[in-house]
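Colleague: From first to last, the protein sequence lines are chains A and B. So in numbering that gives the first Met the number 0, spot 24 of the first sequence is number 23, and the numbers just go up one at a time. So in numbering that gives the first Met the number 0, spot 153 of the second sequence is number 152, and the numbers just go up one at a time.
Do not rely on the hints blindly, as some may be mistaken.
Subject to a maximum C-alpha distance of 20 Å in a straight line, what follows is the list of computed EDC-like cross-link-like pairs (lysine to aspartate or glutamate) [said to hold, decoys possible]:
{"#": "1", "chain 1": "A", "residue 1": "Lys295", "chain 2": "B", "residue 2": "Asp75"}
{"#": "2", "chain 1": "A", "residue 1": "Lys292", "chain 2": "B", "residue 2": "Glu18"}
{"#": "3", "chain 1": "A", "residue 1": "Lys295", "chain 2": "B", "residue 2": "Glu72"}
Rather than coming from a laboratory, the hints here were simulated on the basis of the structure. Here the structure is a predicted model, which means the values were calculated and not measured.
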Amino acid sequence: MDFTRVTEFIVGDTQADRVVPPTGFTASLTLFSAAAMAFLAVFALALSMATGRLADRWGSELARSSTIRISAPEGQMAAQTAATLKILETTKGVASARALEPDEQRALLEPWFGPDLPVDTLPIPQLIEVIEEGEGFDAGGLRLRLAADVPGAVLDDHTRWRRPLVSAATRLRMLGYISILLIGAATAAMITLAANAALAANTQVIGVLRLVGARDTYIAQAFVRRFTLRALTGAAVGTALAGLAVFLLPAAQDEGGFLTGLGFRGWQWVWLLVIPPLAAGVAFSATQAAARKTLKDTP
Amino acid sequence: MGAEVIELENVAYSYGGGELLSDISLKLQAGSFHFLTGPSGAGKTTLLKLCYGALMPTAGEVRLFDTDVRAMERDDIAYARRRIGVVHQDCQFLDHMNVADNISLPLMVSGRDLLNESANLKELIGWVGLKSRADALPPELSGGERQRAALARAIIMSPDAVLADEPTGNVDWEMSQRLLRLLIELNRMGKTIMVATHDLALIRAAKSHVQARVLRISNRRLQLAGADL
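Model the full assembly from the supplied sequences, consistent with the hints where possible.
Modeller: The following block contains the structure:
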């Protein structure tokens, strides 16, 4: 990238800037469009980031853990638990397995039954947490072995119910990215329309500039620079407002689940700095294309 | 007289299915003075536009500074226009910029530093008698002032040629004489001048001060005007 040219473009040619009339409805239209689109882009990005985190978390947990539930008469619970753990020790793909302590089981049931549940006196199944390794274990084979040796054990493979959730989160993230692309395209379309309107409204200016020997690149740049800076300003305002709105969202909580986790974490906030220059880049390309076409079609 | 600044050879121009100009041959040599006359609608403006590359001929060849306009890129035509000053009948200004800025427009678009040119600009504005109107906006100018501002803009780059389209069309006799004197003075500086006008009195007045060829467009063709002028 030629930074000298970029600097020259940003600093601008004060003489050239004056040749196009400074006001017009396209100015406010471009500012508003860029601000609104940047605002939406921030939310689409926040959605994508949040769903991405969710998909990653669910995905990694999926790959690691399963649960075995043992329902057995009181006298056989310990024996069946031990038998199950023994089977798991010799099962390929199982990194570790452990029976949950009564306190842990009570904590799992607490949201439904309250803190005073007498776990010891109730026929509650024993849960065994299985942590997988590598490619994981053969769930079908393990089920057959459990059915043969521990009739009261049921393998709860989390994959069955978490996989659709991961798939949904992944697709939601994809939708977020597609939304960002559509927002970019819509921004380009709106700025193209505004640029075309400005070029059409300034046909006389273009005619005069050509009459006095202006090159097409000079004329185009007078419009392109103006629209690019407007888009940059509008997008900066929109991004700042949206960033503030996201920042003020409730902090992530277990009770709130996905909704309270919407937003950016750590370095992800840096993405906000990318949106205004991207909007300016879109405006630059859109206006340049519009200007070139108009100037080419203008005798 | 020197080399041709602008040359048209067997040029025709058609628009909307009709031929406006036919078989036009013309050589504007360096330092020459031409009047182009003919009735309204005869094609004077069209011919002038062909002479500075604003229109492309439908037949024949137009050469600007020895280069065929058809072989020129848009940028080449832009560079050629910096060497050909044009005064439009309606002047064509940027109404949001003041007179001084409009006059210096050719300097701006060619990337010249206006600070370095400010002395020349002031001198030129004084030469065309617009010193007191330099900060006015174009809509605030009278017809004569507009024409003089347009002339100043046309010559600020010290072009090789000046093409003026009905420069005295909207001004009184006294002002038209003043503009004519400016054009004659430019010609004496070595500039090639072509003035399109239907004002025969202006042509007669000029002929006593400058050796000018008078061309007339009649029936789409160009011919040398008779001794009646």
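Colleague: With the threshold set at 20 Å, check whether the alpha-carbon distance from lysine 292(A) to glutamate 18(B) stays at or below it.
Modeller: violated, 29 Å
Colleague: For the pair supplied as a hint, lysine 295(A) and aspartate 75(B), is the alpha-carbon distance within the 20 Å limit?
Modeller: holds, 15 Å
Colleague: Check the hint pairing lysine 295(A) with glutamate 72(B) against an upper bound of 20 Å on the C-alpha distance.
Modeller: Holds - the C-alpha atoms of glutamate 72(B) and lysine 295(A) are around 12 Å apart, at most 20 Å.
When held up to the earlier numbered hints, the structure conflicts with hint 2 and nothing else.
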